[in-house]
Amino acid sequence: MSLVFYLITALTVAGGLASMLLKNTVHCALAVTVAFAGLAFFFLNLDAQFAGFAQILVYIGAVAILVVFAILLTKGSETPKDGVFSRTWLSGLAIAAAVFAMLGWAILHTASMLPGATPVPTVTVRQIGQALIGRYVLPLEIVAVLLTVALIGAVIVAMHEKEGTK
Amino acid sequence: MQEAISFTPQLTASPIAEILWMIPAVPIVAAGLSALLKQSRRKASATLAIASLSFSLLLSLYAFAHVVRAWAIYGAAREVVNLTWFQTGAVNVDLGWVLDPLSAVMLVMVSFVGLLIFIYSTGYMEHDENYTRFFCFMSLFAGAMLGVVISNSLLLLFICWELVGLTSYLLIGFWYQKPSAAAAAKKAFLTTRIGDVFFLLGMVWLFSQSGTLLFYNHGAGSLEPSALAGLLATPAALGLTAAGAIGLLIFAGAAGKSGQFPLHVWLPDAMEGPTPVSALIHAATMVAAGVYLIARVYPLMHAGALAGGTTTALTVVTWVGAFTAVFAALIAVAQNDIKRVLAYSTVSQLGYMMAGLGMGGVAVGMFHLITHGFFKALLFMGAGSVIHGCHEEQDIRKMGGLKSDMPLTFLTYAIGMLALCGFPLLFSGFWSKDGILEAAQHWSVAKAPLYMLVFGALLTAFYMTRQVAYVFFGYWRGGKPALESPAVMTVPLAILALFAMALGLIGTPAWPWFRAFLDGHAAAFAWSGFLEPGLLTLMGASTFVVFLGIGLAWHFYSDRSPSPQEPDELERVIPIAWGWLRDKLYVDEFYGVTVIAFYEGWARVSDWLDRRVWGGVVTGVAWTFGLWAQLNRFLDNNIVNGTFDKGCDELGVGGGLLSRVQTGRVQTYLRLLALGVVLLAAILIWSSRA
Amino acid sequence: MIQNLDQILVLLQHWLASFLPAAWQGAARAFISAAAIVCVFPALFAVAVWLERKGLGRMQNRLGPNRVGPYGLLQPIADGIKSLTKEDIVPLSADRAVHFLAPVLLVVAAFMGFAVLPMGRNMVLVDLDAGLLFYYAMGASSELAVFMAGWSSRNKYSLLGAMRAVAQMISYEVVLLLSSVVVVMMAGSLSLTKIVESQNQYTWGFPHWYIFTPWGLAGFIMYAIAATAETNRSPFDLPEGESELVAGYHTEYSGFKFALFFLGEYVAMFSISGLGTTLFLGGWSAPFSFLTWIPSWIWFFSKLMLSIFVFIWMRGTLPRLRQDQLMNFAWKFVLPMCLLNLMVAAVWRFMDNYWLRWVVCSAILLLAYEGLGMAELRKKNIGPRSYRYVE
Amino acid sequence: MTPLAGYLLVAALLFSIGLAGALTRRNAILVLIGIELMLNAANLNLIAFWRYGPHPEALTGMMFAIFSIAVAAAEAAVGLGLVISIHRHAKTTDLDQMNRMKG
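Protein chains in written order, with our numbering: chain A, 1 to 166; chain B, 1001 to 1690; chain C, 2001 to 2391; chain D, 3001 to 3103.
Don't read these hints as lab results, they were simulated from the structure.
A couple of the hints might just be wrong.
PhoX-like, lysine-lysine: derived pairs with alpha carbons at most 20 Å apart [unchecked claim]:
1) C:K2332 with A:K75
2) B:K1480 with B:K1398
3) D:K3091 with A:K75
4) B:K1480 with B:K1403
All of these numbers come straight from a predicted model, not from anything done at the bench.
Based on the provided sequences and hints, a complete structural model is requested.
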């Protein structure tokens, strides 16, 4: 548990909390990018360089931008009159708390069995590439198809209907 | 990438085995090319198809010769080339092809008959505007079929198998403007699909058990002793071993393709397609693919049989085959469509093959398959020639006396008919059927199949003679007079006729070359082959039966009056039974009734569920309904839909009552979800501690 | 001697670091290099601004800055002082925090890119195994900064500019990535130092730069286009098209923050040119084997300045595109070409006959270029502007 | 407390935060953001287990994380597309008002 770990934790959790609590939707989006960045730092801290950079590229470079675009397109940036939280926010919070309690309990209960510090694994990008087209070629293909389908689907869903196609 | 797909064969096989893949590949490529051709490039497409298939034929002949040589030298000859398609996780997915007597024989048969039919169809399809499409599909089919033949991995076989099914669908529905054709195509596709589901199950099971789908892989294949032992060790349900159960599942797939009894309904309707298609796909090759598949996995079916004994799987195969043989023959007696008669006869002959496989082993069944492939193709092409000559008339009651108008067709057709009847000594059908009967005679389990098959032989002789009498003898009952077909159609007929006679000689008891070849031991010529106990009596019996059938039919049908409306002679004798037979023993109707009964039961059950269980089930049941409707649409449209709508309305009502729970708010659902997770986890933890 | 001249900066760094206890030296070296980067590039920025204004002036038949110092050489300093002393105005309705963070984030992101650029032999701050990925990750985060700037100033011009900028940057980022993937395929590594090493060889005195291959040339051209768009330079400078929306996303910025934007833009330009140099122009390697005695970093920076000059030149020459033309160009022309280029690279990789592969690859590319271009022209999506005069 | 346990705790916390947001916010887009957070927490778990697991050289956890990042990107694209089209029809992104599906 190094100092770095605590710093990143603070950053990430703060980002996450802010993104869920702030009133202004755009602020939330920006805050969540902080959380994403924090997670990327976590990955780097875990010697998963590739995953970390991929995280930044995908989430900050793409998802965050998508989100802010969506916010602006749906006029979501101005805060609604009747509060930002749904009417039944209390039960939701309770359930989330319950989930956290459950998870935390499980982790702490089994913490003693978890492995301690292990030697740093050396993973080159080359190895990852080999794995991607070797052992994991099938998942790779499937993900490729999925992405294509998702892209087309998103376009079709968000596209303006022409007259008469309704 | 090299790691992922390494196309290096795992051992060095002979050059011909190395390039065996070209046999199916070339026609498929040809199909791809002719798919790009313009509709007007008729000659080009035909040339492409014929050239590619002739290439395949040459290769096949070479491969055949190679195998024969190897067999002469080493006895058994089997070469496999396997390669890894891709690997995911620890699992290798392998493909491969095998060159052994079985595949070699089949290769030659398929490519030879196929080539003849291609040439024939250049004449037959002359006036069709979708000529190019036709040849594209045909060569695609040929390629896929050859792929089925050579494949050494159940996966590859399944892929080609599905391709074959697809092309069959496309070709039955070739004249999709005719609603009947479209319906027939759908029916064929879906019916075979039922079988294929079981096939798939069997395949997956086999994979999970033996870890490979390769048939032969130098001791590591799934059909080789080590794997078979493992399969025998693992018990399945109903006292079957895993081997038996998998075998039966695969047999279900085979039954679907080659129209065995429960799933035979599609084959007669498939005659909606062009006649060359019926000849190639639904007589000679594709329907035989099922039989070939069983022959291929015979070790699996036969595994665990004691000396001279049999296994459950094989017994099932036998009974299904024998029953189909008689059943279809009965129906064939009362058909008036020239092609339908042949279709039912095909079904019954396939039954013979299955029975032969079940009782006598690979050689017996395969021999009948090969001979049947030739003479049934001959018959279909003859029928096509007749139809062509009679200006697309298919009803035999409106024909007659053609023996003078179309002498060549008549001659060849007569030869084919005699071969199919099993006319003694001169015709191949006699020897191959005799082999099956002999096997039935020595079968240890029961004698009933023997009698069924003999009866079947009688019927076969009867209905074939009836047909010939109708078509070629008596007076011309049609409209404008018939014309002989062009040489491009009759020459292939002649060639096939030659084979329909000569081919029998490689399988006589005196010189069982074919059996020896397939079983991998030397063949010797000895007249003493005839002197085995009971053999001569059996031959005498079958000969007598054949003559009896021909004689009866001749007695009934030799002198028909010129009026096409006049009822069938047999109908006068046994009107009720006749009606039954004419209506194909009401199988389709029977399916309709049973399924509908099942339907209403299901409707009531689900209705009851709805009144009590909440919305999730509602959609579930509705979905199942949808599935059933999909699956049964081709059976009996109007009634099914009636029940279906009724059921859905009631579901709607029930759903309306019960879907009050759903507030339509996403977050509510998410909340319930999370809550459920927590509760489950809590239960889990609590139970694990207590 | 030559070696020392080449490595002089590295030696200097080590010498400086050697004053500290051994434990700290690693950190110290890193700090020194970072400091060097942070000092050098702003200086370069000043030079570049002067060059641009002078060059543009000449191209537009003006004198350009000539008041402050000889040939207006001190103009950048004057500008700097001015922008620093100016009042920093933040609109009342602006979102203060975001408005403040935007320029900072932009500059930081722009500078981060240099961390993985090898500016000479052994002259790279951190030699990451996934260097290229890191670079693009950093580049991606600058888009957010632009958006923040535009959105936070509560000004329709700013917002429009930001939207344009982000859309354009995203579209062209795809192209940027894909056009550099070919290099990765060939070098077999994402580490920029390895990429340079693989280009630092000579046959008959000529270097193995990737630009000297069909796919490399195509890749470089497409990379250059994408880079111009990424940095919002003319002819892709719609986001700050003065004539349309005052100054795009930094309309509402003044004084030092404006200077920061300015700086960030140029630094981004430097870093992206540096990357282009590294990927296609052989990084710090000399153009001829007999010139290798000249220090590697000189080569790097001269190539850098050369590409900067090209940027300026293009700005002086080409008219601005229209938004739809821009997008169509990106998605319907450059992107397909990029994808094709990948295949061409694969062909090149697996075809062993040297001359044949030259012919095949160039043929494919040229044909595709012709075909696509013709198709697009026919659809009137891109192509020469048409003018209609009053009869 | 082992480092792994620390990472797991952080992941759990992030997951719960995301869940809380997804359960309580009105704005559909923010619900999506919450879900993204949950996904990321899961990724953190995967990577952590990969790092401290017995076979890091097998890359399983890392691969899983990379794939899940890709899938998450697709999910975001589709989700936001849906939100936009819903907004086009219902003129709102407020989940409390989107209860057309109620039976």
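Comparing the hints with the structure gives:
Our distance criterion of 20 Å between C-alpha atoms is broken by K2332 (chain C) and K75 (chain A), whose separation comes to about 30 Å. Restraint check for K1480 (chain B) and K1398 (chain B): the C-alpha separation of about 11 Å stays at or below 20 Å, so the hint holds. Our distance criterion of 20 Å between C-alpha atoms is met by K3091 (chain D) and K75 (chain A), whose separation comes to about 10 Å. The hinted pair formed by K1480 (chain B) and K1403 (chain B) meets the criterion: a straight-line CA distance of about 16 Å does not exceed 20 Å.
In this structure, only the earlier hint numbered 1 is contradicted, and the remaining ones agree with it.
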